[in-house]
Amino acid sequence: MAIYLTELEQEDLSFPSPFTALEEPNGLLAFGGDLSPARIWMAYQNGIFPWYGPNDPILWWSPSPRAVFDPAQFQPAKSVRKFQRQHQYRISLNLATSNVIELCALTRPADQRWLNSQMRHAYGELAKQGRCHSIEVWQNEQLVGGLYGISVGQLFCGESMFSLATNASKIALWYFCDHFSRHQGQLIDCQVMNPHLKSLGATTLSREQFIQSLLSFKEKAVLSGCFEPQWLATPTSPVPSRIDA
26 MAIYLTELEQ
36 EDLSFPSPFT
46 ALEEPNGLLA
56 FGGDLSPARI
66 WMAYQNGIFP
76 WYGPNDPILW
86 WSPSPRAVFD
96 PAQFQPAKSV
106 RKFQRQHQYR
116 ISLNLATSNV
126 IELCALTRPA
136 DQRWLNSQMR
146 HAYGELAKQG
156 RCHSIEVWQN
166 EQLVGGLYGI
176 SVGQLFCGES
186 MFSLATNASK
196 IALWYFCDHF
206 SRHQGQLIDC
216 QVMNPHLKSL
226 GATTLSREQF
236 IQSLLSFKEK
246 AVLSGCFEPQ
256 WLATPTSPVP
266 SRIDA
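Quick note on the numbering used here: the sequence shown kicks off at 26 and runs consecutively.
Quick caveat, the hints were computed from the structure, so don't treat them as lab data.
Treat the hints with caution; some may be incorrect.
Stated by the list, open to error - Computed list of lysine-lysine pairs in PhoX-like fashion (alpha-carbon distance at most 25 angstroms, straight line):
(1) Lys223 to Lys107
(2) Lys223 to Lys153
(3) Lys103 to Lys223
(4) Lys243 to Lys153
To be verified - Quick list of simulated restraints, FRET-style, between CB atoms:
(5) Ile28 to Thr261: 53 to 63 angstroms
(6) Thr191 to Lys223: 13 to 23 angstroms
(7) Asp37 to Ser142: 35 to 45 angstroms
(8) Leu38 to His112: 39 to 49 angstroms
(9) Pro82 to Asn51: 14 to 24 angstroms
(10) Glu36 to Ser262: 44 to 54 angstroms
(11) Ser262 to Glu49: 24 to 34 angstroms
(12) Leu47 to Gln164: 36 to 46 angstroms
Quantities reported herein were computed from a predicted structural model and do not represent experimental measurements.
Ideal Cβ positions, reconstructed from N, Cα and C, are used throughout, including at glycine.
Could you put the whole structure together from the sequences, leaning on the hints where they help?
See below:
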């Protein structure tokens, strides 16, 4: 059976409707275009993201169902809470975004590195524009875990995470959920469900539900200071009390 996909034009940043995405492969919407920060930003505002392999053209996706976290309801495992009390990783926000992006790529096996140099450059440029943000986890002076993504109003589109030490990425997600919800963040998009996300408590929304949430949240701002570079936890900080019950 032939598959018909929209080819994006270099000079046109618009995308087809997410509701025209294929059922198989799930969510494949379009190909081509480029990885300019402007195009990627337009994609996220419409519930679309780029993802493609080393021998593929640029591919654009909007899958259904969509994996998400409600940051206000996120509950870390008791073992993770206990671990952080004992080891007290330091947690920061937007203090090492370029490093997090690089490590999200380089800590994966070479044949699984979808986050290529072009994409890393584009997300780096979006960080300079205040649209791409990171959470960093530090063990002493070493960056051992983190995640990054794109903020679209009160929605955060998580892109990738990495971990070089026990529980580092789980603690990054925990502290980000707490911080984001305290600043009126409403939803974290994780794109496609997998066993790891499910084990952390992710749920799913249909495409219709996700796009409705996106339209509701993208025009609403988080509280001032949400994404200012800052420390969220130091060795003397208590673990987040609101989700440490």
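Hints, one by one, checked against the model:
| no. | hint | in the structure |
| --- | --- | --- |
| 1 | Lys223 to Lys107 | holds, 21 angstroms |
| 2 | Lys223 to Lys153 | violated, 32 angstroms |
| 3 | Lys103 to Lys223 | holds, 16 angstroms |
| 4 | Lys243 to Lys153 | holds, 20 angstroms |
| 5 | Ile28 to Thr261: 53 to 63 angstroms | holds, 56 angstroms |
| 6 | Thr191 to Lys223: 13 to 23 angstroms | holds, 20 angstroms |
| 7 | Asp37 to Ser142: 35 to 45 angstroms | violated, 25 angstroms |
| 8 | Leu38 to His112: 39 to 49 angstroms | holds, 45 angstroms |
| 9 | Pro82 to Asn51: 14 to 24 angstroms | holds, 18 angstroms |
| 10 | Glu36 to Ser262: 44 to 54 angstroms | holds, 49 angstroms |
| 11 | Ser262 to Glu49: 24 to 34 angstroms | violated, 47 angstroms |
| 12 | Leu47 to Gln164: 36 to 46 angstroms | holds, 43 angstroms |
Hints 2, 7, 11 from the earlier list are contradicted by this structure; the remaining hints agree with it.
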